[in-house]
Amino acid sequence: MLTLIEAEVVDKHKWISKSELGDIFAIAESTPGPIAVNTATFIGTKRLGVFGGVFATLGVVLPSFIIIVALSYILNLVKDNKWVGFLFKGIRVGVLVLIAKAVFSFFKDMKKTLFSFAIMAISFILVFVLKADVIYVILGTILVCSIAVAVKTYATNRRCHTVGTPEYYNERVGKSVEREEYVSEKAIDADIIKIMPPEAPAKTEDKGGNAE
Amino acid sequence: MIYLDLFWTFFKIGLFTIGGGQAMIPMIMTNVVAKGWLEQTALIDFIAISESTPGPFAVNIATYTGIETAGIFGAICATLGVVLPSVIIITIVAKLLSDFMKRKAVGEVFTGVRSTVTGLLMSVFISLVLTMLFGISDIFNPGPVSADYIGIGLFAVIFPLSFIKIKGKKMKPILLVILSAALGVLCYGLFDYFGVVI
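Which chain is which? The protein sequence lines are L and E, in order.
Under the numbering used here, the first residue of the first sequence carries the number 1142, and numbering increases by one thereafter.
Under the numbering used here, the first residue of the second sequence carries the number 71, and numbering increases by one thereafter.
Hints are computed from structural coordinates only; laboratory data are not their basis.
Accuracy of the hints is not assured; some may be wrong.
Stretches of chain L that chain E covers, calculated by requiring three or more beta carbons in the stretch to come under 8 Å of a beta carbon on chain E [to be verified]:
no., stretch
1, 1151 to 1163
2, 1227 to 1233
3, 1258 to 1266
4, 1278 to 1284
DSSO-like, lysine-lysine: derived pairs with alpha carbons at most 30 Å apart [to be verified]:
no., chain 1, residue 1, chain 2, residue 2
5, E, 242, L, 1159
6, L, 1249, L, 1159
7, L, 1159, E, 105
8, L, 1223, E, 105
9, L, 1155, L, 1187
10, L, 1187, E, 82
11, L, 1153, E, 105
Owing to the predicted nature of the structure, the values given are computational and were not obtained by experimental measurement.
For each residue, glycine too, the CB sits at the ideal point set by N, CA and C.
Pulled out of the complex, with its shape left as it was, chain L reads as follows (with noise of 0.2 Å):
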């Protein structure tokens, strides 16, 4: 779908460049809702404002609805079917290795730590043993997740805070160390600021790699 979209968009319609719907893309998969639709809504509303987002959605959704529609009424006339049921009987076990598939491909998407293990293992048990709403665990991810982000910015911000005067330095750390020694110091803080990497290249970097 990704690449049709490209296609008819950067190529032949030339809305929006290439680097465009790079960014729009990673917006579309990190932002609630079907990602298509995210997309048709962007590159409207981009070109043309609030209609064109609207009329863009329209768009894309209209065709899967009319096919839906037509596919309904055929399957309520076959369904009764003794051949049409073997048929379907496969399908499922094809759904369950789709589904299968879905969970490997989301396991090696996510990012190995112990943190979203563990955010991996309290849904599956407050859903498949406690049963809880699907929607309140996804919202309890959201906040615990905001906080813990929050908590880790805070952190490194206050480590990076201590690297400018000595003074400034010796406040913060309750040490009293002289200028050379402040510069090793330094060069360990300045370890952390590295492992940030500078904002704007790391981004284009992610970029590409989630257009493909």
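With chain L fixed as given, assemble chain E onto it according to the hints.
Here is chain E on its own, set in the frame of chain L:
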């Protein structure tokens, strides 16, 4: 009112689907199936149909649930519901928050959500295998087991086959659906023809 209920349910589903259609399956399971709008088998059949027809999964499933529950107007309400959160959020993002969404912190939160979705999909997979292949609807209170041995056999065959790459490309979902349909007709049909009951 059924129309409003359809709209509101799919609005919620649209709002919390992050990272593509498959992330929706757990939510559809707990909302649409639990409400009795679709039977579990009907939902499974429809996942297959949706994977093999054009168009986003979310829109397909909303339209189908709507039309099965409340006719064409129901389909319109459900589809509108699932699309509206996207339209609202993306319009705001495109106009105001483009840079906000690109920040690392926002990305990290959504990476976390993907971990949740992994866990949720695992739960869906295990409960589906239990109900469809082993006939157990509640793992903590299993009644008499009525296993579908043909189904288990088919799964054991199709799952490894799904990893085969054709000309270096992964197998498309539609091919998998066709393959499993053909094997289904063949196996279930043969056993039925010879009157073997297992």
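Each hint tested on the structure:
| no. | hint | in the structure |
| --- | --- | --- |
| 1 | 1151 to 1163 | violated (count 0) |
| 2 | 1227 to 1233 | holds (count 7) |
| 3 | 1258 to 1266 | holds (count 7) |
| 4 | 1278 to 1284 | holds (count 5) |
| 5 | 242(E) <-> 1159(L) | holds, 26 Å |
| 6 | 1249(L) <-> 1159(L) | holds, 27 Å |
| 7 | 1159(L) <-> 105(E) | violated, 43 Å |
| 8 | 1223(L) <-> 105(E) | holds, 28 Å |
| 9 | 1155(L) <-> 1187(L) | holds, 13 Å |
| 10 | 1187(L) <-> 82(E) | holds, 26 Å |
| 11 | 1153(L) <-> 105(E) | violated, 45 Å |
In terms of the numbered hints stated before, the structure departs from hints 1, 7, 11, listed from lowest to highest.
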